[in-house]
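Colleague: Assemble the whole structure, with the sequences as input and the hints as a guide.
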Amino acid sequence: MTENIENKSKTKAEAFQIGLTVLIVLGSLTVGEYFLGNIAPVWAAPLWGIALIKAFFIVREYMHLSRLFAEGEEVHE
Amino acid sequence: MTSDTHIGRSYQFKTATNRLGLWLFILSDAFVFVGLLVTRFYLFGGERPELNQLLGFIVTSVLLLSSFFMNRAETAVAHGDQRTFLNGTLITIVLGSLFLLGVVAVEWQIAPFGPGDNAMASVFYAMTGFHAFHVLTGLIFLSVVYRNGRKGLYTQGRHFPVEAAAVYWHFVDVVWVFFYPALYLMGTVAG
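The listed protein sequences correspond, in order, to chains A and B. The opening residue of the first sequence carries number 1 in the working numbering; numbering runs sequentially from there. The opening residue of the second sequence carries number 1001 in the working numbering; numbering runs sequentially from there.
Derived from the structure by calculation, the hints contain no laboratory data. A few of these clues could be false.
[Said to hold, decoys possible] Listed below are the simulated SDA-like cross-link pairs for lysine to any residue, each with C-alpha atoms no more than 20 Å apart in a straight line:
1) A:K12 - B:Q1156
2) B:K1014 - B:F1160
3) B:K1014 - A:L68
4) A:K12 - A:V22
5) A:K12 - B:N1087
6) B:K1151 - B:R1083
7) B:K1014 - A:R67
8) B:K1014 - A:L65
9) B:K1014 - B:A1164
10) A:K12 - B:R1158
11) A:K12 - B:T1084
12) B:K1014 - A:F69
13) B:K1014 - A:S66
14) B:K1014 - A:H64
15) A:K12 - B:G1157
16) A:K12 - B:Q1109
17) A:K12 - B:T1155
18) A:K12 - A:R60
19) B:K1151 - B:L1139
20) A:K12 - B:L1086
21) A:K12 - B:L1139
22) A:K12 - A:R67
23) A:K12 - B:D1081
24) A:K12 - B:K1151
25) A:K12 - B:S1061
26) B:K1014 - A:K12
27) A:K12 - B:G1080
28) B:K1014 - B:L1153
Computed from a predicted model, the values in this text were never measured in an experiment.
Modeller: Here it is in structure tokens:
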């Protein structure tokens, strides 16, 4: 029982950690695109690249797209 | 098969179906935003409207931060942590409201053009307005989730409405991830 609670707690901590890591990545990329856009606004390609990377992280880690294709859905009971 | 197992599998099936419906809705909604984005590049080309750069950066950061807290709230309810779930949802609502005020109450007021001035201005207000409307509906959705959460309607096992609100909120964030550089950063300021 104790071990089960510890495992569950660890999983939650790991999930929180992933969320924080994604936020740091998104924040860094946003700062980068802000300066890039102000220094060289005609360089659209790198700005598109940054936007695509940010969207990838949000869709994958925050929106959990993989749940849509999961076969063995976790039973919430 | 026991009755409890049957109920559990029935809920599991419903959740999977609801999730598919949610993603189909998001996909169809995304086409409208893609249309607006294409319109922006077709009409402006390599130019962009004169906007407050710092304000754009701040509202973008606020929206990204709100997504982090919504993710935290959803993770918390999935692990039975009601307090973190409610706090995360409330912080998301506050940050989302700040984003909305930043765009509608500040950016729209200080922009040196009105919606009817020219095509570029019309597209700017259409893009930010349509997005702001989605933020508003997201805030209403989150408020309902928060209210129901306070009543204890969501458990570790049954919380699809929280997931749906979170996915919708993150979608609104993804849209802004593309709108922000398209409106504020790409191209030279129109003369």
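Colleague: For a quick check of understanding: which of the numbered hints are violated here, in increasing order?
Modeller: 16, 21, 24, 25 and 26
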